[in-house]
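Novice: Sequence:
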Amino acid sequence: MSGWRKKKPADPAELLKRMAGLCARSEQCRFDIDTKLFKAGLNKEQRAEILDYLVEHRYIDESRYARLTASHKVRYSGWGRRKIRMALAAKRIGAADIEAAIESIDEEEYEAAFRRVAAAALKELDVSDPTQRASFYRRMMSRGFETDLINKALQ
Numbered sequence: 351m352s353g354w355r356k357k358k359p360a361d362p363a364e365l366l367k368r369m370a371g372l373c374a375r376s377e378q379c380r381f382d383i384d385t386k387l388f389k390a391g392l393n394k395e396q397r398a399e400i401l402d403y404l405v406e407h408r409y410i411d412e413s414r415y416a417r418l419t420a421s422h423k424v425r426y427s428g429w430g431r432r433k434i435r436m437a438l439a440a441k442r443i444g445a446a447d448i449e450a451a452i453e454s455i456d457e458e459e460y461e462a463a464f465r466r467v468a469a470a471a472l473k474e475l476d477v478s479d480p481t482q483r484a485s486f487y488r489r490m491m492s493r494g495f496e497t498d499l500i501n502k503a504l505q
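In terms of my numbering, the sequence shown is numbered consecutively and its last residue is 505.
Keep in mind that the hints are not guaranteed to be accurate.
With a Cα cut of at most 30 Å, we get these calculated BS3-like pairs of lysine-lysine [unchecked claim]:
{"#": "1", "residue 1": "K389", "residue 2": "K433"}
{"#": "2", "residue 1": "K441", "residue 2": "K386"}
{"#": "3", "residue 1": "K389", "residue 2": "K441"}
{"#": "4", "residue 1": "K433", "residue 2": "K473"}
{"#": "5", "residue 1": "K394", "residue 2": "K367"}
{"#": "6", "residue 1": "K433", "residue 2": "K502"}
{"#": "7", "residue 1": "K386", "residue 2": "K433"}
{"#": "8", "residue 1": "K473", "residue 2": "K502"}
{"#": "9", "residue 1": "K367", "residue 2": "K441"}
{"#": "10", "residue 1": "K473", "residue 2": "K441"}
{"#": "11", "residue 1": "K367", "residue 2": "K386"}
{"#": "12", "residue 1": "K389", "residue 2": "K367"}
Ranges of calculated distance between the beta carbons of each label pair, as one might list FRET restraints [as the list claims (entries may be wrong)]:
{"#": "13", "residue 1": "S478", "residue 2": "A398", "range": "57 to 65 Å"}
{"#": "14", "residue 1": "P480", "residue 2": "L418", "range": "20 to 28 Å"}
{"#": "15", "residue 1": "Q482", "residue 2": "G371", "range": "48 to 56 Å"}
{"#": "16", "residue 1": "A462", "residue 2": "R442", "range": "24 to 32 Å"}
{"#": "17", "residue 1": "H422", "residue 2": "A445", "range": "41 to 49 Å"}
{"#": "18", "residue 1": "R442", "residue 2": "N393", "range": "14 to 22 Å"}
Derived from the structure by calculation, the hints contain no laboratory data. No residue lacks a Cβ here, since even glycine has one placed at the ideal position from N, Cα and C.
All chains, please: the whole structure from these sequences, using the hints.
Specialist: Here it is in structure tokens:
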């Protein structure tokens, strides 16, 4: 089996440079970078050292990541607060940072996103049919919108 190569051991200094470059180009969270370092073969201590450096030098900022993610998910993906909250929790963002990010969402932008998603869903449905009303309700819940907004749209 001459085609098989053994993976070269990861160089922590090289990975630090690569992760700093990645964080400089796009907003990253601690969880994502830790996952990349783990896949590269670094042990827990090496990963912690690199992550501490990135946080200390503000390449990684969890609250900044949470605010930007919340804003982008509303604006570009049409997500509701519930889905954003779950996505940030899955990235192991702290509860305080998640709540601050949710509160930072522009209310007008949020309502516009809801109206855009609801209008697209309602084009395909007849809300006088109870089955289709339920379908609309499930669709909007899966996008993470609150029940009071969904009920208001159905009325």
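Novice: Does each hint fit the structure? Answer for all of them.
Specialist: Structure-based check of all given hints:
1. Pair hint K389 plus K433 holds up; C-alpha atoms about 27 Å apart against a cutoff of 30 Å.
2. Straight-line distance between C-alpha atoms of K441 and K386 comes to about 13 Å, which keeps the hinted pair within the 30 Å bound.
3. For the hint pairing K389 with K441, the CA-to-CA distance comes to about 16 Å; that is within 30 Å, so the pair holds.
4. Distance check on the hinted pair: K433 and K473 sit about 23 Å apart at the alpha-carbon level, within 30 Å; holds.
5. Our distance criterion of 30 Å between C-alpha atoms is met by K394 and K367, whose separation comes to about 18 Å.
6. Taking the CA atoms of K433 and K502, the gap is near 19 Å; set against the 30 Å cutoff, the hint holds.
7. Our distance criterion of 30 Å between C-alpha atoms is met by K386 and K433, whose separation comes to about 24 Å.
8. As the CA atoms of K473 and K502 are separated by approximately 17 Å, the hinted pair is consistent with the 30 Å bound.
9. Between K367 and K441, the direct Cα distance comes to roughly 23 Å. Compliance with the 30 Å bound is thereby established for this hinted pair.
10. With a C-alpha separation of about 34 Å, the suggested pairing of K473 with K441 is violated against the 30 Å cut-off.
11. Among the hinted pairs, K367 with K386 is consistent with the structure: their alpha-carbon atoms are about 13 Å apart, no more than 30 Å.
12. The suggested pairing of K389 with K367 holds, with an alpha-carbon distance near 16 Å, which does not exceed 30 Å.
13. Between S478 and A398 the beta carbon distance is about 58 Å. The supplied range of 57 to 65 Å therefore holds.
14. Between P480 and L418, the C-beta spacing of about 40 Å breaks the proposed range 20 to 28 Å.
15. Taking the beta carbon of each, Q482 and G371 are about 49 Å apart, inside 48 to 56 Å as hinted.
16. Hint check: A462 to R442, Cβ distance near 30 Å, so the stated range 24 to 32 Å holds.
17. Distance hint check for H422 and A445: the Cβ-Cβ separation is about 20 Å, which falls outside the suggested range of 41 to 49 Å.
18. Distance hint check: the CB atoms of R442 and N393 are about 19 Å apart, consistent with the given range 14 to 22 Å.
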